[in-house]
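There are 2 protein chains.
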Amino acid sequence: MASRQLSRAEALACSDCMHACHVMLYSDTNAQLFGKTPIRHIILMQMRFDGLLGFPGGLVKPTEETLEAGLSREFLEEMGVDLPVSVEDHVESTHVPASSTSSSTSHLITHFYVKKVDEKQIMEVEKAAASAAVDHGQEVLGLVRVPIYTMKDGGGLAAFLSHSFIGNARFQLVNSLLRFNLVTPEELHKAHTHSLRICSNTAKDLKAALALTE
Amino acid sequence: MASRQLSRAEALACSDCMHACHVMLYSDTNAQLFGKTPIRHIILMQMRFDGLLGFPGGLVKPTEETLEAGLSREFLEEMGVDLPVSVEDHVESTHVPASSTSSSTSHLITHFYVKKVDEKQIMEVEKAAASAAVDHGQEVLGLVRVPIYTMKDGGGLAAFLSHSFIGNARFQLVNSLLRFNLVTPEELHKAHTHSLRICSNTAKDLKAALALTE
Chain V
1 MASRQLSRAE ALACSDCMHA CHVMLYSDTN AQLFGKTPIR HIILMQMRFD
51 GLLGFPGGLV KPTEETLEAG LSREFLEEMG VDLPVSVEDH VESTHVPASS
101 TSSSTSHLIT HFYVKKVDEK QIMEVEKAAA SAAVDHGQEV LGLVRVPIYT
151 MKDGGGLAAF LSHSFIGNAR FQLVNSLLRF NLVTPEELHK AHTHSLRICS
201 NTAKDLKAAL ALTE
Chain S
215 MASRQLSRAE ALACSDCMHA CHVMLYSDTN AQLFGKTPIR HIILMQMRFD
265 GLLGFPGGLV KPTEETLEAG LSREFLEEMG VDLPVSVEDH VESTHVPASS
315 TSSSTSHLIT HFYVKKVDEK QIMEVEKAAA SAAVDHGQEV LGLVRVPIYT
365 MKDGGGLAAF LSHSFIGNAR FQLVNSLLRF NLVTPEELHK AHTHSLRICS
415 NTAKDLKAAL ALTE
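From first to last, the protein sequence lines stand for chains V and S. Residue numbers for the first sequence follow the numbering used here, beginning at 1 and rising by one. Residue numbers for the second sequence follow the numbering used here, beginning at 215 and rising by one.
Hints should not be assumed to be uniformly reliable.
Claimed, not checked - Chain S stretches covered by chain V per the calculated footprint, using a threshold of three residues with CB under 8 Å from any CB of chain V: (1) 245-253; (2) 272-284; (3) 302-308.
What the hints assert, rightly or not - To give a feel for the contact side, a few chain V residues facing chain S, derived at Cβ under 10 Å: (4) 59; (5) 62; (6) 87; (7) 91; (8) 120; (9) 123; (10) 129; (11) 146; (12) 171; (13) 189; (14) 202.
In short, the hints are calculated from the structure, not lab data. Ideal placement from N, C-alpha and C gives every residue a C-beta, glycine not left out.
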């Protein structure tokens with residue numbers, strides 16, 4: 001990652017930068033998958049209009065509103081729920097080089113927030129996202145929970161990490177999993193290793209599909 | 215694809231095979247993304263418990279119930295909606311070699327159904343999946359719409375196809391897009407080409423992430 005970490009204040013000092021704010025909402029849970037694998041935490045991400053996975057949020061103009069007010073506004077549009085986000089929920093600001101994003105913007109700073117809520121609130125968000133959110137079917141194609149467990153056959157976190165993410169969203173997810181002790185570095189290492197294998201199988205399948213149409 | 219196509223009758227004749235039934239639910243829509251890109255169709259897929267994308271459905275025992283009754287039962291559990299599926303909705307049965315599935319089963323036949331409904335019904339399913347479905351948060355981590363459009367910057371179908379899918383689900387999706395004229399072969403070819411590029415970027419990112427933890 002050639003991305004550079006900044007403090008929130010440093011980041012805001014860049015007046016010709018574009019600022020994007022996103023939030024990872026998560027909760028604890030006692031639920032077990034198939035009555036045996038502890039699910040441990042529920043983490044929300046979304047399928048975006050561009051077919052990539054990402055966190056709720058969007059562009060904010062610091063000259064017009066605070067980063068946190070802008071993020072809450074985006075969250076309401078995308079998730080249909082009023083979620084107050086505060087400076088205390090901020091975890092990192094990152095300068096993303098133009099080449100590693102899909103946008104053509106040369107100066108993008110992504111501000112990332114993590115907010116812990118309870119399981120009931122997560123479920124309220126899921127319901128509202130599919131019914132009350134104005135962006136449903138537009139900017140947002142659906143909400144998904146991130147499996148952080150690893151099943152006997154290797155399924156779970158590894159498969160999830162092998163998907164395609166917008167900008168530095170995968171990095172933000174992985175960073176937060178470690179920062180908040182939601183997975184251990186060992187679990188993550190194993191998942192990444194398996195993830196790479198899944199990814200190379202996907203490439204093989206896509207090449208085969210492409211060959212069929214040539 | 216080394217998978218072999220079978221008729222429904224041929225497939226059912228295999229008594230020691232495991233049978234899995236899945237359905238692609240879709241509708242037309244006049245909605246436009248950001249008021250300019252025609253969305254054309256809404257297609258539903260889901261994030262599964264194992265972190266992979268797939269269609270609603272599951273294993274059915276033909277000795278105990280018809281394929282279609284089993285599929286409707288699975289759909290109700292996963293989506294929270296009673297959807298009658300009939301033999302007329304069947305589009306293909308495929309013998310999937312053991313090596314190309316993540317399960318250890320040597321004889322798996324996947325039966326695929328496509329059912330067209332109206333936009334209102336799609337939205338009912340999305341609401342029910344997040345509230346009434348018993349499998350929500352268990353077998354199903356969330357519902358997503360498949361973007362079949364291609365945006366100016368290449369986003370949309372290509373990104374979606376670069377994700378990781380269970381078994382032959384990507385193949386079933388692509389096949390159905392062509393069979394029901396939801397995308398043209400040219401659109402699909404372009405999407406696959408771009409998809410492969412996205413996939414190789416993902417591999418690069420994963421390798422970098424892995425290197426950080428070694």
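Here is how each hint holds up against the structure:
1. Coverage of the region 245-253 of chain S by chain V holds. Counting CB-CB distances below 8 Å, 4 residues qualify, and the rule asks for three or more.
2. Counting residues of the region 272-284 of chain S whose CB lies closer than 8 Å to any CB of chain V gives 0, which falls below the minimum of 3, so the coverage claim is violated.
3. A stretch counts as covered by a chain when three or more of its residues have a beta carbon under 8 Å from one of that chain; for the region 302-308 of chain S and chain V the count is 0, and the coverage is violated.
4. Hint status for residue 59 of chain V relative to chain S: violated, with the closest Cβ pair at about 14 Å, above 10 Å.
5. For residue 62 of chain V, the interface hint is violated, the least distance from its beta-carbon to any beta-carbon of chain S being 24 Å, above 10 Å.
6. Interface hint status for residue 87 of chain V: violated, as the beta-carbon distance to the closest one in chain S is roughly 28 Å, over 10 Å.
7. With a least beta-carbon distance of about 18 Å to chain S, the hint placing residue 91 of chain V at the interface is violated under the 10 Å criterion.
8. The interface hint given for residue 120 of chain V is violated, since its Cβ lies 12 Å from the closest Cβ of chain S, which is over the 10 Å cut-off.
9. For residue 123 of chain V, the shortest C-beta to C-beta distance to chain S is roughly 8 Å, which falls under 10 Å, so the interface hint holds.
10. Taking 10 Å as the C-beta contact cut-off toward chain S, the hint placing residue 129 of chain V at the interface holds, the least distance being around 7 Å.
11. Because the smallest distance between the Cβ of residue 146 of chain V and any Cβ of chain S comes to about 8 Å, under 10 Å, the interface hint for this residue holds.
12. Annotation: residue 171 of chain V was flagged as interfacial toward chain S, and the flag holds, the nearest CB pair being 7 Å apart, inside 10 Å.
13. Interface hint at residue 189 of chain V: satisfied, since its Cβ lies 5 Å from the closest Cβ of chain S, which is below the 10 Å cut-off.
14. Interface hint at residue 202 of chain V: satisfied, since its Cβ lies 6 Å from the closest Cβ of chain S, which is below the 10 Å cut-off.
When held up to the earlier numbered hints, the structure conflicts with 2, 3, 4, 5, 6, 7 and 8 and fits the remainder.
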